[in-house]
Amino acid sequence: MSGFELNTSIANLRDLRASDLGAYDAIYLGDIYCRLYEANFLERPDDLREGIRILREQGKRPYVATYAAPRNDFLPRIQKTLEVAATAGAEAVEIHNLGVLKIAHDQFPGLPVHVGGFANVYTDAGVEVLRGFGAVRFTPNYELSLDEIREIVTTCQAPMELLVHGKMPLGVSDYCFLLEYEEKWGIKCPDLCQKDLFLKQGDWAMKSVGKGILSGKDVCMLEHLPRLLADGHRHFRIETLSESPEYRREVAGVYREALGRAADAPFDLDTGWWNVVRAHARIGVCNGFYFGKSGMDYAGIRPEAVGSLLTISPSAQ
Amino acid sequence: MANGANAVYAGPRGWSRRRDRFELPEEDIREAVRIAHAGGAKMRVAINTNMQSHEIPPMLQKMERFVAWGVDGAIMTDIGAMAEVHRRFPHLTIHASIGANILNDEDVRFYRSIGVSQVVADTKLTLKELASRKEQMAVGIEILIHANHCYTYLGKCWMSPYHRLERTTDPSGKDQFKGSPNRGGLDYRVCLESWELYSGATRWEEQVALKNDAFFLLDDIPRLIDLGVHCLKIQGREYPVPLVGEIVRFYRDLIDRYVAHPKGHPFDLAPWRATLAGIEGGRNAARGETTRLLLIEGRQPVPAA
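As you go down the protein sequences, you meet chains A and B in turn. First residue of the first sequence: -8, per my numbering; consecutive thereafter. First residue of the second sequence: 427, per my numbering; consecutive thereafter.
Think of the hints as simulated: they come from the structure by calculation, not from any bench. Note that CB positions come from ideal geometry on N, CA and C, so glycine has one too. Incorrect hints may appear among the rest.
Stated by the list, open to error - Distance ranges between label pairs, derived from CB positions:
| # | chain 1 | residue 1 | chain 2 | residue 2 | range |
| --- | --- | --- | --- | --- | --- |
| 1 | B | Thr716 | A | Pro67 | 37 to 43 angstroms |
| 2 | B | Leu553 | A | Ala254 | 54 to 60 angstroms |
| 3 | A | Pro257 | B | Val728 | 27 to 33 angstroms |
| 4 | A | Asp187 | B | Thr552 | 29 to 35 angstroms |
| 5 | A | Tyr172 | B | Pro668 | 38 to 44 angstroms |
| 6 | B | Pro697 | A | Ala30 | 48 to 54 angstroms |
| 7 | A | Asp165 | B | Ala730 | 35 to 41 angstroms |
| 8 | A | Asp255 | B | Phe448 | 48 to 54 angstroms |
| 9 | B | Thr701 | A | Lys179 | 41 to 47 angstroms |
What the hints assert, rightly or not - 27 angstroms max Cα-Cα, derived DSS-like pairs, lysine-lysine:
| # | chain 1 | residue 1 | chain 2 | residue 2 |
| --- | --- | --- | --- | --- |
| 10 | B | Lys637 | A | Lys175 |
| 11 | B | Lys560 | A | Lys71 |
| 12 | B | Lys554 | A | Lys71 |
Modelling step: build the complete structure from the supplied sequences, incorporating the hints.
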């Protein structure tokens, strides 16, 4: 591995096979929002084994995701997923639910656990509790600022994984409102949530993937990579679960190159990078909560480079 | 208390899942404990924000005072804070808040292992799921009987601060996160906005709703009591005091009559449904107006720091 890890997530075999993963070090397999997502790795043990095999063959680290909000009836399936992860050679599982963490700790003690963004890691004391259950890496809750994350790292020396680009998760539900429109639109589940759907009102926008709600804007930390490296972070996620193979490949290419140069002083931002980001961000870009502001704000040091991406462009409406 | 509540939660200012106008100054907690105990009820403190790491030591100092004043329990969300409180005050009952989003039996086992003895059930759980929990584990369950179903799971949603987050500091030095329900501020209820739905550049729907319904468990209450659930909870902090009193009195009366009625005989809920319909109207009107104002507030620019 290089001095950092760049990873993303992929929901099914079709997307895995269609994606050029050259710029990534690791991939999380599975859609965490919905059991009905088309050919979800998390519902298909054979596909999951095959996905892990493909990634190993490509020299990538296979990680396995688990559901963000599992009820009792999910647990047997999750147990099976953990079993496949442990036996097929996954290098870690990502866990968002503390009950599932307990299952992994009790039944699969050798399986490294990455704690996901829905597990609500807000404090150093929380990290210490999770470590007691075998967690080795942590995605802090998306609401935390970089300063708050640094506070945790300083106390715990815990490896954090940060979303650096893509749609930030904003919520998860047990209900898919898109199903109400199956008949009217003539589109059935599981195709509904793959139609690139955005909820908009004025300058507010969110992306809907059915049971999952994502930010309308793409989190973009391109120009802040030196700060992330200086804070000691080495694990970076480009969230592409609901994106096209082109997005997955091109944005990762930008970040691979930028991270390679981010330790240089001065850090030279390539205009071509912005063009790629601009081409893929339908609604605009933001910094999430990393600078202690509203999640849809952008606190760039070079706002002119982002230009019209800061707000919803008329063509996107 | 006079209307029949057995326990009341009070949020010390800055530390609970409500905006400050629905919280109490610290000194008032002492008086609240006195009032509750004089009325034969328990007083619990709501320290259920997802706090920051450096806020845990001052929180423990606060808790020291609350315990000395005689609080009967603390409802919390952050697992690290819970573990610290349990370590420091092993005899204090810790309740896992709705924000902890406890969804399955294994979740309950996890929270028990860090010192939690009471959990608030997520509002989306079915009676079957609750029955499984009660039967399988010796854990206290609190059921919200008069609240709202959000579209998303509570505690797993940051739609509101994504759109507007205002960070300030209160006079005591406590950070405030206006716009983030998880971090102690208010929720702008952006899910209730009148959303248009687009696919790419094409508008598919002029208005879609992210389901968010009020629910009033009435028909299920006898079954919940039969299951052994011993804590039924009413969301009351944001409603006018007379309305909260009316709601408490209604459920107190229902519970007492059901418990007293001979087992095996039918219990007629019809008259209760009629009374509840009247209460619902007042409650829904109050909530609807609050939502309208919150959505307006959520559109206001954040003042420069």
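Hint by hint, here is what the structure shows:
Roughly 41 angstroms separates the CB atoms of Thr716 (chain B) and Pro67 (chain A), a value that falls within the hinted 37 to 43 angstroms. At roughly 57 angstroms, the beta carbons of Leu553 (chain B) and Ala254 (chain A) sit within the given window of 54 to 60 angstroms. Judged by the Cβ atoms, the range 27 to 33 angstroms given for Pro257 (chain A) and Val728 (chain B) holds: they are separated by roughly 31 angstroms. For Asp187 (chain A) paired with Thr552 (chain B), a C-beta distance near 33 angstroms keeps the hint of 29 to 35 angstroms intact.
Roughly 42 angstroms separates the CB atoms of Tyr172 (chain A) and Pro668 (chain B), a value that falls within the hinted 38 to 44 angstroms. Checked against the hint of 48 to 54 angstroms, the pair Pro697 (chain B) and Ala30 (chain A) passes, with Cβ atoms roughly 53 angstroms apart. For the hinted restraint 35 to 41 angstroms between Asp165 (chain A) and Ala730 (chain B), the CB-CB distance of approximately 40 angstroms keeps it satisfied. For Asp255 (chain A) and Phe448 (chain B), the Cβ-Cβ distance of about 51 angstroms falls inside the hinted range of 48 to 54 angstroms, so the restraint holds.
With their beta carbons about 44 angstroms apart, Thr701 (chain B) and Lys179 (chain A) fall inside the hinted range of 41 to 47 angstroms. Restraint check: the Cα-Cα separation between Lys637 (chain B) and Lys175 (chain A) comes to about 18 angstroms, which is no more than 27 angstroms; the hinted pair holds. The suggested pairing of Lys560 (chain B) with Lys71 (chain A) holds, with an alpha-carbon distance near 26 angstroms, which does not exceed 27 angstroms. Between Lys554 (chain B) and Lys71 (chain A) the alpha-carbon distance is near 23 angstroms, which keeps this suggested pair within the 27 angstroms criterion.
The structure agrees with every numbered hint stated previously.
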